[in-house]
Amino acid sequence: MPELPEVEVVRKQLKNLVLNKKIANITSEYTKIFNEDFNLVKESIVGSKIIDIERYGKYLVFILSNEFNLISHLRMEGKYFVKEQNEPIDKHEHVIFHFDNGETLRYHDTRKFGRMDLRTKDDYLKVNPLFKLGKEPKDLTGEELYEMLNKKTTFIKVALLDQEIIAGLGNIYVDETLFMSKIHPERRSNTISIDEANLIVHSAQKVLAKALELGGTTIRSYTSSLGVTGRFQNELQVHTKEGELCTLCGTVITKLKVGGRGTYVCSNCQK
DNA sequence: AACGAAACCTGCGCGC
DNA sequence: TGCGCGCAGGTTTCGT
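Sequential numbering of the first sequence, starting at 284, is according to this note's numbering.
Calculated directly from the structure, the hints in this document are not laboratory data. All figures in this text were calculated on a predicted structure; none of them were measured in a lab.
Straight line, CA to CA, 27 Å or less: simulated DSS-like cross-link-like pairs of lysine-lysine:
| # | residue 1 | residue 2 |
| --- | --- | --- |
| 1 | K332 | K305 |
| 2 | K325 | K305 |
| 3 | K298 | K421 |
Model the full structure from these sequences, guided by the hints.
What follows is the structure, given as structure tokens:
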């Protein structure tokens, strides 16, 4: 459930479901999910409550009632579910937070790519993994983006996927943003004009806002967590649309590989 | 320093 | 039906 809108939907849902519940225990049979020693994480968290949940780009941060926070990144397929304690454990549920009211918060991750980091409240924004994170589209100006792009020769798509440059965009929303901006994903970053940089930021804001409004995007075999069913897939203009016709000009949408990622483009609209 | 490829994992759909 | 390959909403690490 990866990009910014999907993570934001999860954040809101989780807040409704787990806030102020006391964590009585944490169990895990795949502790590689934690970048720190699992026993350390466990003794640091057990006994506290989740008093808030923040989000920075695609990162979730569980704000605990003690001096610690737990940062969670879902990567490709991480999901959260809230279930009763007695429900059977799914083979892909790798971390289970047991609350003292008999409920559990379960971290489900088919590909085991997701990661969690234990951090202290006083410096969690000043150290890995959050300190290098770029601004989200809503906080970024075209001027700022232009300055960063100006220094780079990488494909614009690769630059927009770089979370240090701009936070929150992933493969789907970069394709949609570039289509809306009428910019080809293989343009070199340093050829993007200030006007185009402004257009990119504006388009990204629009795409993300609409996606959030529709509860995110659910495509392929991906199912959403916490019963969240996104509808932005119905609004996609190019991503996953190979062979279909561009809604603006009727040209056939093509698929190419940019920076190792499947990339969809209207070669007529996007220059 | 910077870039591309490989790695991390599992499951699914496709062609033969 | 079975098998091998390629692909997947992401990030980090490795090698040139």
